[in-house]
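Reading the sequence shown from the start, the letters are residues 1 to 327 in full-length UniProt numbering.
No wet-lab data here; the hints were simulated from the structure. Errors might be hidden in some of the hints.
[Claimed, not checked] Cβ pair distances, simulated, as ranges:
no. : residue 1 : residue 2 : range
1   : A72       : N215      : 19 to 25 Å
2   : S27       : T235      : 49 to 55 Å
3   : L243      : S125      : 40 to 46 Å
4   : S139      : G232      : 20 to 26 Å
5   : G157      : N59       : 25 to 31 Å
6   : S166      : S27       : 31 to 37 Å
Virtual Cβ for every residue (Gly too), placed ideally from N, Cα, C.
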Amino acid sequence: MNKMLIVSVLGLVLSGCGGGDSSSDVSNEGTFSLAFSDAPVDGLSKVCVAFDQITVKHNNGSESAWGTTSFAADQSSKGCIPNGLEIPKDVAGNPLFMVIDLLDYQGANALQVLSDEKLEAGKYSQMRLSVLSTWNDSSGVYADGTPYSHVEEITTGDKLDIRVPSGELKLDGFDVTANATQAYTLEFDLRKSMVSNAHGYQLKPRGLRLVKNENVATLQGTVAQGSCAVEGDLTKAYAYIYLPRTDDNYGDLGSSSEPYTSAKVDPSTGKYAVGYLPFGRYDVALACDGAADDPEQSQGSAVINLMTPVVKDKNLTEMGLTVDLQY
């Protein structure tokens, strides 16, 4: 279940400042930064997302957009570009898009895409990410046929297109405060947002979260070796993070009681980590066979093997949270 996202930035369009006392030096603008991070996905060694524009819409109807001249385009993932080839350039010599391997930025790691861009203060109802996909443009491939946006499967080594049927991902809104700097991170929870089906891999907005960096922290822990005796080891184990429940109905991915997010357990160390998680209270469970979970085939309640008891009502603060699991 993989999904690919591509965002292109075409140049910043600033809205006019609001009215006020002409003698005031107070600006009606704030600065905005955006980074990308990822939660892991099964069966893939690469998730290369090519994007060329990021657009935001203010509640007053105005829009601002950025292209590759604003991106940290020099940080495109080299492993996503075929050997001997390069990202195509425009007549001015600028790359037509930026491409990143999301699997390089898991847990608390992130890649800065936009830095200190000025925006009109106020509420923004929407962010849109423009994705390069052969679903929308058959020319979106390198000279050797590799799609600009693609996944690489672990078992076959095949490089397959990531499809975004609309050509863009529409995300929730955010706020910009005047005379202040606000940093956001777009978290790609690929186990929810990337779907593998008969048509290949498709990226959906489900599982994509835009979070304000000052309101999030990392939940981490260690799973004791031997906790998954039935499976033999921790190879398929995931930590499932749920919003607190009183009915003990902890579902699998795609169900009405699905986890808020999940994190793969390192089979050798037992460690797991979820970065950019909003402050609040969470329940934490161990799914020994979590790798088999598929949101497209949810049965409404957990078909995976959740160990009991679930660790309940743990509080994540700005200091972070450690939840160790042992069964």
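### Task
Identify every previously stated hint that the structure contradicts and give their numbers, smallest first.
The structure breaks hints 3, 4, 5; every other hint is satisfied.
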